[in-house]
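Please take these sequences and the hints and turn them into a complete structure.
Protein chains in written order, with the working numbering: chain B, 1 to 206; chain Y, 1 to 239.
If you're looking for bench data, these hints aren't it; they were derived computationally from the structure.
No incorrect hints appear here.
Derived CB-CB ranges, DEER-like: (1) Y:Q5 - B:V168: 11 to 21 Å; (2) B:V168 - Y:I97: 38 to 48 Å; (3) B:D141 - Y:A103: 47 to 57 Å; (4) Y:S29 - B:D63: 52 to 62 Å; (5) B:N3 - Y:K4: 45 to 55 Å; (6) Y:W78 - B:V168: 38 to 48 Å.
The list that follows gives simulated cross-link-like pairs (lysine-lysine, DSSO-like), each with its CA atoms no further than 27 Å apart: (7) Y:K60 - B:K62; (8) B:K187 - Y:K42; (9) Y:K4 - B:K187; (10) Y:K4 - Y:K42; (11) Y:K4 - B:K185; (12) Y:K81 - B:K62; (13) B:K32 - B:K62; (14) B:K32 - Y:K81.
From the three backbone atoms N, C-alpha and C, an ideal C-beta is built for every residue, glycine too.
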Amino acid sequence: MENLENCSDPDLLRRAMAGDESAFVALYDRLKNGIFRYAFYMTNSRSAADEVTQEVFIALLKDGGSYREGRGDVGAFAFGIARNYVRRIERRERPYQPLQEEGGSEEVPRRFDFPKDTLTGQLIQSERTRQVQSAIATLPDHYRQAVVLCDLCELSYEEAASRLRCAVGTIRSRLSRAHALLAQKLKPLQDRPSGVQATGTEGCLI
Amino acid sequence: MNCKQLLSCAQEHPGADPSSRFEKAEISSHLAACTECARVMKEHQQVAETLQLVQDPDCKPSTALDAAVIANYRRQMWESKRVIPRVSARKFGPLTILAWSVAAAALVCAVILFYPRREITKIAVPSSEIRTQSRSGQIAQKPATTKDATAQTRNVAVRNKRSRHSASSELRALPQEAFRSLMYCDELSCSDAMEMIRLQLPASFVTRPMSGSTSANGVVTADVLVGPDGIARGIRIEE
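Structure, rendered in structure tokens:
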């Protein structure tokens, strides 16, 4: 069997479109993690990320003929498709999103040092995660894209710039502003009185 | 190090430790002196820590998704082999467009050549002659000589003095060769010479009965007087 590791992404795409399944599998292995992570962090839903990943690879086979090597790599092309699908899902799900409560949801103490392996610790951890996710979700779209790509998907600035088709400096400034906005949004969460020790009764939620 | 340098460093490496580029002692001394920079740096560190909360180490596509994607690929390949390639609008190349254009032009030529044609004969008729006649509802044939034309004009002038009722009765009594007025024509609208066009019309266009020899082949020959404005002013059915 031919070694496909040295094949470039455009070659793999061409061969996959011609019916070479091993080329398609190799291309899928290269791109799947990035697309799935992006879709997951943008939608905060594993099922939506699954759907986006499937649709991206179907669209890649259907519209792969419109890919031009000079305009970017296959990853960026697939990312563009993923971004469109994510937007479509967001539009579809918007009517079902719960309304933001006035004054925010019940705040979770941050400085209590619960061990993470306890039930209470896990609950508090998951609630804080949810709050951070909702804070990210309320960012303007271009800031959110920068945060998701650079901070959560751990792409370099250059990679993120090629995905979003903008300059590296733009990514830096967007990220900096996004962090400033996030700091404002998460301030109530972070300004809990520090040094409050667990007394043993905080775990009693019932 | 000043505040600007420190903040630009934080902007270039958000969440990262700026001491990778600057001396730690210099940074810590600046942060100790400048409360604003200390606050900003603390915020940056807190955001970086908070974002780590959201990162899911198990964020990977499941094996079920892998299997579904590969199954989709196989199904799509199988369908693409089954389906007869369609001719889409995008695949029309310049040669195809040219071929279609030539075919369309040939079709138009064939229609023009084989369609029953109208015989058109253009004969210039002086409008001064026809104009006066058309007012009374009849137009005489083009006179052969100037003398005839003068006599005819005189006759027409006499006829114009008659009443409207008598003009219409005269129109009914006209010989078959006379023109029938189609539209009101006066000095302003018909100032120039008219053109006479000979046409062949289907016999069904003519309401009155025609002689058998004329309408035997289903067509009637007619002369139409067309003014300079392109409007037909008179018609004469030939029998």
